[in-house]
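Asker: Each chain is listed here by its residues.
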Amino acid sequence: MSTNENTNTATPAMNRSVGMPGHMKIIFVVLLAVLIALPFMVYPVFAMKVMCFALFACAFNLLLGFGGLLSFGHAAYFGMASYVCAHAAKVWGLTPELAILAGTVTAALLGLLIGSLAIRRQGIYFAMVTLAFAQMVYFFALQAEFTGGEDGIQTVPRNDLLGLFPMGDDIVFYFFVLFVTFGGILFIYRITHSPFGQVLKAIRENEPRAISLGYHVNRYKLTVFVLSATFAGLAGATKSQVFHLASLTDVHWSMSGEVVLMTLLGGMGTVLGPIVGAVIVVTMQNYLAYLGAWVTVIQGCIFVIGVLMFREGIIGVLSKIFKKPL
Amino acid sequence: MIKRIALSTAAVSALVAGPALATDITLGVLNDQSGIYADLSGQGSVVAAQMAVADFDAAGKGINVEIISADHQNKPDIASNIARQWYDQDGVDAILDVPTSSTALAVADVTAEFGKVFINSGAATSDLTRANCQPTTIHWTYDTAALANGTGKAVTESGGDTWFFLTADYAFGHALERDTTAVVEANGGEVLGSVAHPFPGTDFSSFLLQAQASGAKVIGLANAGADTVNSIKQAAEFGIVQGGQKLAGLLLFINNVHSLGAETAQGLQMTTAFYWDKNDDTRAFSERFKAEMGSPPSMVQAGVYAGTLHYLKAVEAVGSDDATAIVASMKEMKTDDPLFGEGYIRKDGRVIHDMYLMEVKSPEESTGEWDLLKEVATISGEDAFLPMEDGGCAFALAD
Amino acid sequence: MFELLGIPPQVLLGQLLIGLINGSFYAVLSLGLAVIFGLLNIINFAHGAQYMMGAFVAWMLLNYGGIGYWPALLLAPVIVGIIGIALERVLIARLYKLDHLYGLLLTFGLALIIQGLFRNYYGVSGLPYQIPSALQGGQNLGFMFLPNYRGWVIVASVIVCFGTWFMIEKTRLGANLRAATENPELVGAFGINVPRMITLTYGFGVALAAFAGVLAAPIYSVNPNMGADLIIVVFAVVVIGGMGSIMGSILTGFGLGVIEGLTRVFYPEGSAVVIFVIMAIVLMIKPEGLFGKSA
Numbered sequence: 001m002s003t004n005e006n007t008n009t010a011t012p013a014m015n016r017s018v019g020m021p022g023h024m025k026i027i028f029v030v031l032l033a034v035l036i037a038l039p040f041m042v043y044p045v046f047a048m049k050v051m052c053f054a055l056f057a058c059a060f061n062l063l064l065g066f067g068g069l070l071s072f073g074h075a076a077y078f079g080m081a082s083y084v085c086a087h088a089a090k091v092w093g094l095t096p097e098l099a100i101l102a103g104t105v106t107a108a109l110l111g112l113l114i115g116s117l118a119i120r121r122q123g124i125y126f127a128m129v130t131l132a133f134a135q136m137v138y139f140f141a142l143q144a145e146f147t148g149g150e151d152g153i154q155t156v157p158r159n160d161l162l163g164l165f166p167m168g169d170d171i172v173f174y175f176f177v178l179f180v181t182f183g184g185i186l187f188i189y190r191i192t193h194s195p196f197g198q199v200l201k202a203i204r205e206n207e208p209r210a211i212s213l214g215y216h217v218n219r220y221k222l223t224v225f226v227l228s229a230t231f232a233g234l235a236g237a238t239k240s241q242v243f244h245l246a247s248l249t250d251v252h253w254s255m256s257g258e259v260v261l262m263t264l265l266g267g268m269g270t271v272l273g274p275i276v277g278a279v280i281v282v283t284m285q286n287y288l289a290y291l292g293a294w295v296t297v298i299q300g301c302i303f304v305i306g307v308l309m310f311r312e313g314i315i316g317v318l319s320k321i322f323k324k325p326l
Numbered sequence: 001m002i003k004r005i006a007l008s009t010a011a012v013s014a015l016v017a018g019p020a021l022a023t024d025i026t027l028g029v030l031n032d033q034s035g036i037y038a039d040l041s042g043q044g045s046v047v048a049a050q051m052a053v054a055d056f057d058a059a060g061k062g063i064n065v066e067i068i069s070a071d072h073q074n075k076p077d078i079a080s081n082i083a084r085q086w087y088d089q090d091g092v093d094a095i096l097d098v099p100t101s102s103t104a105l106a107v108a109d110v111t112a113e114f115g116k117v118f119i120n121s122g123a124a125t126s127d128l129t130r131a132n133c134q135p136t137t138i139h140w141t142y143d144t145a146a147l148a149n150g151t152g153k154a155v156t157e158s159g160g161d162t163w164f165f166l167t168a169d170y171a172f173g174h175a176l177e178r179d180t181t182a183v184v185e186a187n188g189g190e191v192l193g194s195v196a197h198p199f200p201g202t203d204f205s206s207f208l209l210q211a212q213a214s215g216a217k218v219i220g221l222a223n224a225g226a227d228t229v230n231s232i233k234q235a236a237e238f239g240i241v242q243g244g245q246k247l248a249g250l251l252l253f254i255n256n257v258h259s260l261g262a263e264t265a266q267g268l269q270m271t272t273a274f275y276w277d278k279n280d281d282t283r284a285f286s287e288r289f290k291a292e293m294g295s296p297p298s299m300v301q302a303g304v305y306a307g308t309l310h311y312l313k314a315v316e317a318v319g320s321d322d323a324t325a326i327v328a329s330m331k332e333m334k335t336d337d338p339l340f341g342e343g344y345i346r347k348d349g350r351v352i353h354d355m356y357l358m359e360v361k362s363p364e365e366s367t368g369e370w371d372l373l374k375e376v377a378t379i380s381g382e383d384a385f386l387p388m389e390d391g392g393c394a395f396a397l398a399d
Numbered sequence: 001m002f003e004l005l006g007i008p009p010q011v012l013l014g015q016l017l018i019g020l021i022n023g024s025f026y027a028v029l030s031l032g033l034a035v036i037f038g039l040l041n042i043i044n045f046a047h048g049a050q051y052m053m054g055a056f057v058a059w060m061l062l063n064y065g066g067i068g069y070w071p072a073l074l075l076a077p078v079i080v081g082i083i084g085i086a087l088e089r090v091l092i093a094r095l096y097k098l099d100h101l102y103g104l105l106l107t108f109g110l111a112l113i114i115q116g117l118f119r120n121y122y123g124v125s126g127l128p129y130q131i132p133s134a135l136q137g138g139q140n141l142g143f144m145f146l147p148n149y150r151g152w153v154i155v156a157s158v159i160v161c162f163g164t165w166f167m168i169e170k171t172r173l174g175a176n177l178r179a180a181t182e183n184p185e186l187v188g189a190f191g192i193n194v195p196r197m198i199t200l201t202y203g204f205g206v207a208l209a210a211f212a213g214v215l216a217a218p219i220y221s222v223n224p225n226m227g228a229d230l231i232i233v234v235f236a237v238v239v240i241g242g243m244g245s246i247m248g249s250i251l252t253g254f255g256l257g258v259i260e261g262l263t264r265v266f267y268p269e270g271s272a273v274v275i276f277v278i279m280a281i282v283l284m285i286k287p288e289g290l291f292g293k294s295a
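Protein chains in written order, with this note's numbering: chain X, 1 to 326; chain C, 1 to 399; chain W, 1 to 295.
Isolated chain X, as found in the complex (with noise of 0.2 Å):
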């Protein structure tokens, strides 16, 4: 991923001051605000879905827009963690929290396992490792006995949360899922402007000599490879919580597929990118669901139009618009 035009483009993430910028403190204070009061205005489960494919997203973006990893396996950790919260709620009786916990530990190392075969390969072959090991993790999922195959994992409950708050309720679940999600975000954000971003960005950008320079070049693909997981598994646990259900679609390829195509459309290695990707691409699924196979036409002309005319994304442009990392 470290081509010429990339790091020509990639104006995100250049500024070398670790604190958060004046600007990005505004948006996220009132991206905060519009969140508090959008389960008053839509859905609040749709709002719940958006939320948790913009974590997904952002995680899929630290390691792609940040690390400079494809992966095209991403679906296997949000999968698995769905699946074993599931469980944990279901068979367990575990509150939300443990739930949620227990799914985004699984996840965590899942990604350390696959991760550390995974980065010995570069670019193609990184990506090709990566989905190798999510199709055995599909595979897994269909033939285990917990995760009930076709099936999926139905009616999951939503325990009482520390096992005080009864969380049955959409718009009080919502504030919880908010609570989650911003705070991932907030924190992946945190990750990639510490001194450990600025390493992977050196890395990501020459490689060679981020070697030379005496960084353990493998560690830090290692560990931004095992965080990516763990905030997708984080969102894929979230998830199974907010639909009471996981299921084969989460660990299949095109949910892989899926998450790259939002965070491309958003704007790699942008921070709001992949939120705006997110928002659209989910958006687009559920209200235009009607039109059938038009929806695949849809994404696919989105793909096309976008790898042609904007490859640095919606944020992207839009960052370069106002001469502003967004």
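FYI, nobody ran anything at the bench for these hints, they're computed from the structure.
A hint or two may mislead.
[Said to hold, decoys possible] Below 35 Å or equal to it, Euclidean Cα-Cα: the simulated DSBU-like pairs (lysine-lysine) are: (1) X:Lys320 to W:Lys97; (2) W:Lys97 to W:Lys170; (3) C:Lys347 to C:Lys313; (4) C:Lys278 to C:Lys246; (5) X:Lys324 to W:Lys97; (6) X:Lys90 to C:Lys331; (7) C:Lys246 to C:Lys361; (8) C:Lys331 to C:Lys347; (9) C:Lys334 to C:Lys313; (10) X:Lys90 to C:Lys347; (11) C:Lys278 to C:Lys61; (12) C:Lys278 to C:Lys347; (13) C:Lys374 to C:Lys246; (14) X:Lys25 to X:Lys324; (15) W:Lys97 to X:Lys323.
Using the hints provided, position chains C and W relative to the given structure of chain X.
Answerer: Leaving out everything else, chains C and W in the frame of chain X:
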């Protein structure tokens, strides 16, 4: 919170409305509109529901019915999302059709959670009225147990006493294999083995050769839709039937037989709940349906029609959209409609009606494009479906 | 008679042959991908959709034009190849200077568009296509009954695969092509029209996919989704064989077909995943692929 509001308004409207005032009903047809089951459910089921509303003269009886529909793409997550949104936001009173077992189980649970009505026609799994039964579920057309009791029993009794299964590797395939194995063994047959193929599959030749090598007299196809069609085609290509083995398609729809053609499919036995050419009533309905859709109704579409009709009768009797009362009334009334004849709904939600063992006509016997089946035997509802006592539906057995 | 893990040898032989038949499709498809990748450096994710188009064009020729299987075997690849050339000229040619990833994403988008359009117009139930009358029936080989058509699939694939290999590796035309990918400026200086050559190569790779589609039409039903899941399997075949290696993709295609066939006997559920397991192992041990030149 939302659920409670919905229930209380229903209660209030039941108090104030009474039979004299108009009742507003929204029906949601949720099925496969673009995938492998689109032909046998899809838009045809929507048309069937509309015909039921028109035939019942709902408007004339003070019931305003609105029908909405959506595509669940055969994915349980999408199905459960739509069902939730329909009940929560769009005021849907009952969901109809829902083919494929995994989506049906998801919708059954969501319906119970919201206390609405689910009238399933398209799905096969007998678990809808067994381990996963819900007081709000009505399972209309067929199930894996009835298919097994039809085809499985008939084939075993006619000398096909050793079986080998080609099973689609997912819940429905395994359920069908399980139910058919029970029937084969109960009738003195023996199951020599089975092979699970990935779902959906394209090439079945390798599995067919394994079935051939088993030496079983009957190869049971515990799969559905395109998988069944392809297994039958490829079996013909590999000369399996000429080799003396018999194929038993455990779940075949009229649309599958049509796409196979009488030449390839002739002599196949299948179990169905409905055939368009059964009697004058079914023919008359099918003519009207065909004028809309271009093909006669499948048993799934017929089941949507019959289920909607019976639901509307219950709405009229209750005089409100109170789901609990409607389900109770549906189970209390005998079912009687032009397509399925007389029957009744058991406490576990299983609709009991006759099933038919059919055989695919040879090209010489067939007189028209859709003249494909002839009746071999009628199986009474009590014989076809699994007795409630053996089903393990907890709430139905509780009292 | 010996038995291998409870499987009689004649069954095993039958399964090997079936594996070889399925491998024929993998070989032709992965060959097309390898040609395109090797000479254009584009990962053609639309390959599965183009395979599907081959089958559909054959079906359309028959149903709208009354043109049967044999002419379609030639016509359909030409038609789909021309469509491919148009796509290359208008869209793909703009990406040659960019990272692989963009080519992959663009062709992935194209695949979505093509499959979506066919789904809209033809549904997904699948359309029937008869086996040509000359190839109906079959031969009893003693250990199994081999349908004539399946035998033809192997023969046709082997001819096409090795013909392609010969053309690229052993003829002057092929030498020019290979030289053009190594150093386009220099070859251009010799008076060879490099962009046109690249365009034609893409068209040829796409035509190979369409050829596989026509071969598949009579035995698998003609269905808009027929290439959707196949593409990532074929992709894996190319990676295992060594990206860009012509002979590698042919041999790996046939070989993996056989391995998958054997999996169907010993662990049928696993037959959908075995190729990915092999891919992961190969990438870990020999990342350039079994037949690839080490980087």
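Asker: Does the alpha-carbon distance linking W:Lys97 and W:Lys170 stay inside the 35 Å limit?
Answerer: The given pair, whose Cα atoms are some 28 Å apart, holds under the 35 Å limit.
Asker: Compare the distance between the alpha carbons of C:Lys334 and C:Lys313 with 35 Å, and conclude whether the hinted pair is satisfied.
Answerer: Satisfied, since the Cα-Cα distance of roughly 11 Å is no more than 35 Å.
Asker: With a cut-off of 35 Å on the C-alpha distance, tell me whether X:Lys90 and C:Lys347 pass.
Answerer: Status holds; Cα separation ~27 Å.
Asker: Decide if the proposed pair is consistent with the structure: C:Lys331 and C:Lys347, CA atoms, cutoff 35 Å inclusive.
Answerer: Within the cut-off at roughly 7 Å; holds.
Asker: With a cut-off of 35 Å on the C-alpha distance, tell me whether X:Lys320 and W:Lys97 pass.
Answerer: holds (22 Å)
Asker: Verify the proposed pairing of C:Lys278 with C:Lys246, using a straight-line Cα cut of 35 Å.
Answerer: Measuring from Cα to Cα gives roughly 26 Å; hence the hint holds.
Asker: Tell me if the straight-line CA distance from C:Lys246 to C:Lys361 falls inside 35 Å.
Answerer: With Cα atoms ~16 Å apart, C:Lys246 and C:Lys361 stay inside 35 Å; holds.
Asker: Are the Cα positions of C:Lys278 and C:Lys61 separated by 35 Å at most?
Answerer: At roughly 30 Å apart (the allowed maximum being 35 Å), C:Lys61 and C:Lys278 satisfy the hint.
Asker: Run the distance test for C:Lys374 versus C:Lys246: straight-line Cα separation, threshold 35 Å.
Answerer: OK: C:Lys374 and C:Lys246 at ~18 Å, within 35 Å.
Asker: Quick one, are X:Lys90 and C:Lys331 close enough, alpha carbons at most 35 Å?
Answerer: holds (31 Å)
Asker: Given the hinted pair X:Lys25 and X:Lys324, is their alpha-carbon gap at most 35 Å?
Answerer: holds (13 Å)
Asker: For a C-alpha distance cap of 35 Å, please report whether C:Lys278 and C:Lys347 respect it.
Answerer: Holds - the C-alpha atoms of C:Lys347 and C:Lys278 are around 29 Å apart, at most 35 Å.
Checked against the numbered hints given earlier, this structure breaks none of them.
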